[in-house]
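**Q** Please model the entire structure based on the sequences and the hints provided.
2 protein chains.
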Amino acid sequence: MKRIIMISAAAAMWAAAPAQQALWSNVPLKSPEIHPDNTVTFRLKAPLASEVLITGDFLPKQRVNTNRGEVEMPGYAAMTMTPDSVWEYTTAGVLSPELYSYSMIVDGVKINDPSNVYTIRDIATTTNVFLIEGDYASLYKVSDVPHGTVSKTWVPSGKLNKDRRMTVYTPAGYESGDKRYPVLYLLHGMGGDENAWSELGRATQILDNMIASGNAEPMIVVMPNGNAWQQGAPGETAAGFVTPTMLPGAGYDGKYRFEDIFPEIVEYIDNNYRTVPDKAHRAIAGLSMGGSHSFKISAENPDMFDYVGLFSAAVLRELASDPNDPATSEKLRTQFAKNPKLYWIAIGSDDFLYDQNVKLRKYLDDNSLPYKYYESPEGHIWKNWRIYLSMFLPQIFK
Amino acid sequence: MKRIIMISAAAAMWAAAPAQQALWSNVPLKSPEIHPDNTVTFRLKAPLASEVLITGDFLPKQRVNTNRGEVEMPGYAAMTMTPDSVWEYTTAGVLSPELYSYSMIVDGVKINDPSNVYTIRDIATTTNVFLIEGDYASLYKVSDVPHGTVSKTWVPSGKLNKDRRMTVYTPAGYESGDKRYPVLYLLHGMGGDENAWSELGRATQILDNMIASGNAEPMIVVMPNGNAWQQGAPGETAAGFVTPTMLPGAGYDGKYRFEDIFPEIVEYIDNNYRTVPDKAHRAIAGLSMGGSHSFKISAENPDMFDYVGLFSAAVLRELASDPNDPATSEKLRTQFAKNPKLYWIAIGSDDFLYDQNVKLRKYLDDNSLPYKYYESPEGHIWKNWRIYLSMFLPQIFK
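Line by line, the protein sequences are chains A and B. Under the working numbering, the first residue of the first sequence is numbered 1, with each subsequent residue one higher. Under the working numbering, the first residue of the second sequence is numbered 399, with each subsequent residue one higher.
A hint or two may mislead.
Claimed, not checked - Below, simulated DSSO-like cross-link-like pairs (lysine-lysine); rule was C-alpha separation at most 30 Å, straight line: (1) A:Lys279 <-> A:Lys331; (2) A:Lys179 <-> B:Lys577; (3) B:Lys560 <-> A:Lys179.
To be verified - Looking from chain B toward chain A, a few residues come up when the C-beta cut is under 10 Å (computed): (4) Ile521; (5) Thr523; (6) Glu573; (7) Gln629.
These aren't lab readings, by the way, just hints derived from the structure by calculation. None of these values were measured; they are calculated from a predicted model. Heads up, the beta-carbon is just placed ideally off N, CA and C, and yes, glycines get one too.
**A** Written out as structure tokens, the structure is:
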């Protein structure tokens, strides 16, 4: 009997929710509410909860004592229950411009904010997002400018004997015109896929906005799937609605690296899109593992790219400074002998790959191989990669 | 002091969650788990919750007593807490093949299953999905067949003086070939947008699978935004991360209906895609409001479409049988005098628009205007619209 009553209490509350909105001045719960001064209020209706927390990247990370000892965890703060049974939290200060992510924690269960339909998946975790406009973050917003087309399409790999999914951005006017365009190949990191740059990276919005303002040349941007073991993003292949993982799934023989199948992608793009198919009109850039891919692919194909961007690149095992790897060193010298117009390295001062990039720069310096360098605050996070892309675009195809 | 301790308890549990997975045989929580017999188990870790329910379209709707009296609400069932603090629910019986949606309710708060990254938004509500294969539902799965391309692109509207977002499916081989294709214009319902058919409708998968099996002709499918007041789906326009609503937003003057701007879309598609630009190679179909659009657009442009599909169409106000509207009646007679190859009406026997469709069929019967009719069980739901699309495709462009 007790259980039936308990179910009825929870069910009645849930069933009555739409009608109850009438009690709140006829407006649905607004969360997040971005105030004019860029403080933000979050809200959750949860009458039966004992404790509701909010966690997000706008809160500083914290060290917490647990029964496993002290652990570092994302920042969190307690929400406060109002007389309406709505839990609220307003940021202690003004938030600087950024695309932020957050979740709520109801009695220990991490949930998405049911009042906010905007979410982004990062590997197996989905969080809510909101945008504070200004500075770089204004590039992440859909603006009233001409828009490019974003396609999810499939590129055949002869080596892997399968089609593989990729995202292609074509600039505004591509469908209705006959102009040829330069191509940027933009690569994701480990755990990412062909959706990462257009979702977490806001690449579509950055390109639309920067092309419209004249800060970037109109270009095609190809965002392939950089996991040779994977045909496409989780849920987009015959594997079905699998749980996303960071590491390769079972059954991949590892025979070909992504670097090996990459030239097939360039060939397909040049054959089927209106490109300018030469070195001066090709760029490659990537984050983390994608930085490693960009490092190796550009070195292994020295006539392919005039512009290279390494964003928080993982370059340890490929480090040309390693005396055990004269082959890589030789490739790099060949690549630089052909005078690429830009070799751009960017990393955050807190990045766990910082030391690897110090070694890479030392090697380049010691060998008089020219590059440009940008060091940002913070670490291995999308906030930095969106900024790096926004800084890289004005430097290419000029 | 009490508050600090409570926060610590919830935070510690949340922070320790990844490590605690080690206690569960090193596997993350699997939810939903589809068993070989097509029963399904759902799981949620929620040690502090008093009550966890599951709701989904695989459960029969229920009438429940609340403090507002008896209300009809979606079916729900209680989940049971196991000694691991994992709440579980296994379906009472085997689920028939379908793309199902569900949510969990933790102490009255409706949440998405944090173990399942697959969600679909329907207006302002996001729910989890899972697929039981078989029958029609096998068409909703990504299969190992050649894949078409799905593009999010922008079509100019001269009348509205703005670009508007749309989804375009081009069949496998489009990019690499030079063949021309017929075009299906596929329209969403009220509250929907240009993403509805490719997300809730699984149109991409249905087309890939039916074209591969030879049950549908290779075709271009254009899925425009049918809300004249809207440039694109929520979050995809300069309006920003707005809360989705079913009804028109403020500021739209209503000067043009979607039907008025529709011919601009056909002109743009014929000018910029490899179409066969004639009546014999154009079809139009839509659900609910999109059925109304299909009804009116095909009648107002009698030389445009040889194939028309009305899925659960809203046709009351446009009913040609209304003696007060001789103009519509005249248009219908003109349309049918040109002998469209297919006029297909489909609706569920429980649909709230059923009577409207009875009247429409009576008018067509009374006036000897030929059509085909399919009546399914159930009502105004995506399950039916996916089936109707799967039944419509083999009948067009043959």
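**Q** Now look at each hint and say whether the structure bears it out.
**A** Tested hints:
1. A:Lys279 <-> A:Lys331: 17 Å, holds
2. A:Lys179 <-> B:Lys577: 21 Å, holds
3. B:Lys560 <-> A:Lys179: 23 Å, holds
4. Ile521: 9 Å, holds
5. Thr523: Hint on threonine 523 of chain B: holds, closest Cβ of chain A at ~8 Å, below 10 Å.
6. Glu573: 4 Å, holds
7. Gln629: Because about 9 Å separates glutamine 629 of chain B from the closest Cβ in chain A, which is inside the 10 Å limit, the hint holds.
Checked against the numbered hints above, the structure violates none of them.
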